[in-house]
Structures are given as structure tokens and as C-alpha cells.
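Participant: Read off the chains here:
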Amino acid sequence: MISFTETCRVSFRAIVSNKMRSGLAMLGIVIGVGAVIAMLALGAGATVQIKSVMSSMGSNLLVIRPGTVTSGGIRIGAGSVPSLTLDDAKAIKAECPSVEEILAQFNGSAQIVYGNQNWSTQVAGVTVGVFVVNDWKLTSGRPFTDQDMRSATKVAILGSTVARELFGYSDPVGEIIRIKKIPFQVIGVLESKGESSWGRDQDDIVMVPVTTAQKRLFGMPRPNMVSSITVKVKSEDLMAVAQEEVTLLLRQRHKITSFQDDDFTVRNMAQAMEAAQQSTKVMSLLLGSIASVSLLVGGIGIMNVMLVSVTERTREIGIRMAVGATSKDIMLQFLVESGMLSMTGGFAGVLFGTILSRILSGAFEWQTVVLPGSIALAFGFSALVGIVFGLYPAYKASLLNPIEALRYE
Amino acid sequence: MPLIEVENVRKVYKMDGVEFEALRGVSFTVEKEEFVIIMGPSGSGKSTLMHILGALDVPTSGKYILNGKDITSMTKDELARVRNKNIGFIFQGFNLLPRMSALENVELPMLYAGLPAGERRAKARQALDLVGLLEWADHRPNQLSGGQQQRVAIARALVNDAPLLLADEPTGNLDSKTGVQVMETLKVLNENRGITIVLVTHDSGIARYGKRIVRVLDGMISSDTPEEQVTIR
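Heads up: the protein sequence lines correspond to chains A and B, in order.
As numbered in the numbering used here, residues 927 to 1335 make up the first sequence, in order.
As numbered in the numbering used here, residues 24 to 256 make up the second sequence, in order.
No lab work stands behind these hints, which were simulated from the structure alone.
Remember, predicted model here, so these are calculated numbers, not experimental data.
Warning: the hint list may mix true and false statements.
Cβ-to-Cβ under 8 Å is the rule here; a few derived chain A residues that face chain B [stated by the list, open to error]:
1) Ser929
2) Asp1127
3) Asp1130
4) Ala1201
5) Leu1233
6) Val1234
7) Val1249
8) Lys1254
9) Asp1255
10) Met1257
11) Leu1326
12) Leu1332
Chain A is nowhere near these chain B residues, computed Cβ spacing over 12 Å in every case [as the list claims (entries may be wrong)]:
13) Gly91
14) Gln149
15) Pro186
16) Asp191
17) Gly195
We put the CB at the ideal spot given by N, CA and C, even for glycine.
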């Protein structure tokens, strides 16, 4: 009985002795495995990218906006009815146990003037919760206080872009700026957040207390209204609970009967993230399965080469059988040979796929992530392909009659 | 106990539905250390007999006992084992593996016997030494002359200590001078080492090396004569 290591040596020699043919047989597998790995890397990259975008927005946030209402059978679009108030926000914080912090916002845009400099930007009226909910930090100065909220003080915190445009590199804290010609004292500067995922400069902003924005800067169609309320939930597991609590509370406060629709909408960031991840999963599965077709074609290439090889080596098989090789020995020899071909091809394919995904991410600025799991998958699949497609040629070789094989020219 | 016992062996081939009887009841025995020549014209059934003696094929009916073992109804893989342990083949076309050195070719039967590499190497060198080709051990078949190739094949046939050496027209591809050398080698092996040799040929010049001549005609043994009578004729 020939040992397995000896069989491997015999097969290895057969592969090496015909380099050109072996190389061509492997090429199909190399391309197949490479394509699978590159495609899976693209998918995984997209998932990571979406995850990072979502987590930068905060995955445990609920965003409440004034919603659609039906008035005389006509549905009016979101935000057209100013239904949310600052008191709603305070009530949410006070009465919903799963809510950690809230941020009520009332936004507008205005021109800011300092000395002979001016800058048009977004002015956000915010509550003290902005630092917790939107994860803002200060580089200098102090945050807003409850006192600022109560008395609608004329204080402002500048985004880093605004600070740079108006003050250059000098410290703005303590200076007086004018917003819509009203003097405001600068009490702080925000740490830079850079561009948002869709390319807006998040630092191009001026923050003032929400009450100040309401009473002194922008006109309100309805008293005490806010343009949105963002709720930070204590943990991601409580998202559904918090959504329920907030919806119930607001329906109660807005005196909506059970037959009426909500006059607000609650958007759950975790759900949005899940949906996005689901779609990238489907995408990478699709890409991967298209790529695996090429792996299959590579397998057929190996079968082709092995069939030719068996025919070409009929006489060799006859000699081996005459001196005592059993059909199992012959079968194993050819099976190991095709397995070696496909595994070597698979290994080269892993390298090729990794390089390919690097090139892809470099050329198209896509993020790609080569996961160890996808390497294992592609490599395992290529080994399987080699064995499955090697099975038939090996079986054919093992069936040869030694007398006829020896006569074969 | 004879080495080979063939009893009323018949072999029927079916070709395109037509039955063809290649062997029609052949019986004979070969004792150990004999040197038997099987002769016959082409189509006489001597090749078929050779294949059955070599355990490459099984008879349709009858009995074949080799070295005390009835191999008449063995499976393909059992036959492979029997060939590996009991029979050394020498072919007209040498049948060496072209991509392997002489040494590796001689190692081949031991590979399938499952011998460890060190022992294989040592025994293969010993066998090559016996046929006088030790210094050619690392050469490939295409770097050797026909006579040398056939002697490598003889070394391969010997290396597993098989009691029976089957030669099918061993000199058919050689010129007469190297043919004589090969035959002398076989004769020495038979006389000095007691290896039983069964040799198939249609060359009567070769026949004089045998101690016994079996003639096959139309699938049957037509004559079976010992050496003395051969030389008289």
C-alpha cells in the first residue's frame, strides 16, 4: 500500500514536469478565487463604511419631526404643520424612562458680522443636550447652561469654520458678534467634526440657546415651536421601547384620538442602519455568487486538463498497474494531483484577490476589507472544486484495464 | 509444490457480440527454478496466456494457482497485490516511466509495496548493481541504450523478490548482440538465483536458452518438450 505522502510526491512531480499545462489549469482557479475575494472585500468594505457613517450619526438616536396631518382629506407634507414644541421635548425627557437626553432644535440661517468680516451660516437654536446627543465637544469656552435657556441670553458658540472665517487664528471667546444685527457674546468654540458623510461642512454652524433663537432671531408660526427633537436612548436594545414611549407620550400631549394619524414622525436610526446593512449584504452575496461562477469555470478547466492528462498518461497508468498499483492508488494519485492544482491556484488566487481589492480601493476610493472568513471560504471552495472536478478523470484513470493501457501508444 | 498450476483454462472474448475463444482449455505446470519458453505464431493465444499467467487478466473458466494461491476469481485490486509480490514483468517495449531516473523506475514496485524510502533506495541500487547499471542510476530512460533500458526493466522486475519473472518478447526491440546480452543476464538470474522465468517469444534463436519449450497453437498447447529434445532438433 503506497503511503499518502508518496502519492503526494508522485502527483507533485507530475504537476512540475508539465509546468505550462499545470499553470494554465491553475489560471482559471486563480482568477475565480481572486474575483470571489475581491467581490467579498468590496461588500465587506461597503458594510464597514455604512457602519461608520451610521455610528457617526449615532445609532441609538430617534429623530422626531413635525409630521404629516390630514386636513379635510388632504395630506400635508412633513414639517408643514409646526406641531412640536419645546415643552414636548421637556416632557419626553421627564417622562420617558428609556430616554437619556434630548436635543430640541430650532434652526435658521443668518449673516454673522464681526468687525469688518461677515459670514452667512446656519444658526442652530439648541438645548443643553446638544453636547450629549450630537457628541459635540468644545475646544475653548463653556457650554450652554439651563440659565441660558431660561432667560434666552444672547450668547453663541461658534463652529470651527465660522470661528476661522471671522476671527482668523485669534481666540473668539469673549468677543461680541452680531447675528441679524443683534449683539451676541461668543462663549465657546466647537471642536471640528469635519465633513458629514454626504459632504456638508458640519463645522459651518453657530449655536445659540433654542429660546434665544425662538424669541430673538427667527419668527415662529406658532409659539414655542421647534423644528426637530432628537432623542438619545440609554442603550441600543431600548430603541423600540423608547420609540413606543415617545410616540405614546406625544399622541397624548397632542390630543390625537386613536382614529387619527400621528402629526409627527419618529425616525429610528438603528432601523435605517439595519436596512442599509441588509442591502449591502445582499449586494455582496450577489457579487460573490457571480464571481463564484468563474471559480466553477476554473474547475471545469481543471477537469479538462486532467482528462487530457489521463489519456496522455494511459501507458504510465498501465505500467504502474502492472507493477502493483491498485485502482485506488491510481485514483488517489490523480485526485491528489487535481487537488494540488486547485489548491495552489487557490493560494495564488488569495494573493491575487487581495492585491486586486487593494487596487480597486485605490482606483475608485472604495473601501475594501478582505476578511479572513472570505479567504477561508474561497480557498476551501477552490479545494472542493479541484476534488469534485478531479473525481471523474481520476475515476476514469482507475478504471483502465492494465493490458489495454500497456498497449496504448 | 509447483509455482504455476494452470488447469483447463479457457478465455473467451466478446467482440461486437461475436464470441472468440482465445484459449481453449490449457493445462500445464511450472516448477520453481524452471526456465520455460512459450512459443507460438501470432493469434495463437500465447499473449492471452501470458496475461493470465501475469495476473493481468482472469480466465473465463478453469483454474490458475500461483505460488499456492488460487487467483482465478480475484478482484482487480487483489490481482494488483499478487502482481506486486509475485511477478516481475519484462516487456518488449521496456515500459519504463520516461520522466523518472533508472533508480526511481526500479523503486516503483516497492513504492506500491509500501516500503520506506531508505529501504527502497538501498534495494533499488542493489538490483541495478546486479544488472551492472549502478553508475547509470541517475540517468533517464531516454539517456540509456535499448539494452540498458531492458536491464533496468529486469532490475525493476527483480527488486520485490518476486519468485516469477514473466518476459514478453524481451529481445524484440533489440539488435541481436544486445539481445544475447539480455538473454545471458536472464540465464544467470535463473541459474544462480533460482528465479523462475517464463518467456514468450516467436524467435527460435532465443528458444535455446530455455530448459523447456511450450508451443501454443489455436488456443491450445500443441507440444511441451524438455531442453534435451530441443537441442536435438
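Participant: Each hint needs a verdict: does it hold in this structure or not?
Facilitator: Hints and how they fare:
The restraint placing Ser929 of chain A at the interface with chain B holds, with a minimum CB-CB distance near 6 Å, inside the 8 Å limit. The closest approach between the C-beta of Asp1127 of chain A and any C-beta of chain B is roughly 70 Å, which is over the 8 Å cut-off, so the hint fails. With a least beta-carbon distance of about 74 Å to chain B, the hint placing Asp1130 of chain A at the interface is violated under the 8 Å criterion. Against a cut-off of 8 Å between C-beta atoms, the interface hint on Ala1201 of chain A is violated, since the closest Cβ of chain B lies about 60 Å away.
A cut of 8 Å between beta carbons decides the hint on Leu1233 of chain A: the least distance to chain B is about 20 Å, and the hint is violated. Look at Val1234 of chain A: its Cβ only gets to about 16 Å from chain B, farther than 8 Å, so that hint breaks. Because the closest C-beta pair between Val1249 of chain A and chain B is about 4 Å apart, less than 8 Å, the hint holds. Below 8 Å, beta-carbon pairs count as interface contacts, and Lys1254 of chain A has one with chain B at about 7 Å; its hint therefore holds.
Contact between Asp1255 of chain A and chain B, as hinted, is supported at the beta carbon level, the nearest pair being about 6 Å apart and thus within 8 Å. Taking 8 Å as the C-beta contact cut-off toward chain B, the hint placing Met1257 of chain A at the interface is violated, the least distance being around 11 Å. Given the 8 Å rule on beta carbons, the hint for Leu1326 of chain A is violated: about 10 Å separates it from the nearest Cβ of chain B. This hint holds: Leu1332 of chain A has a C-beta 7 Å from the nearest C-beta of chain B, less than the 8 Å allowed.
Its beta-carbon lying about 19 Å from the closest one in chain A, Gly91 of chain B satisfies the requirement of being farther than 12 Å from that chain. The claim that Gln149 of chain B is not at the interface with chain A holds, since no C-beta of that chain comes within 12 Å of its own (minimum 17 Å). The Cβ of Pro186 of chain B lies farther than 12 Å from every Cβ of chain A, with a closest approach of about 15 Å, so its non-interface assignment holds. The beta carbon of Asp191 of chain B is not kept farther than 12 Å from every beta carbon of chain A, the shortest such distance being approximately 10 Å.
Look at Gly195 of chain B: its CB is around 14 Å from the nearest CB on chain A, clear of 12 Å, so calling it non-interface holds up.
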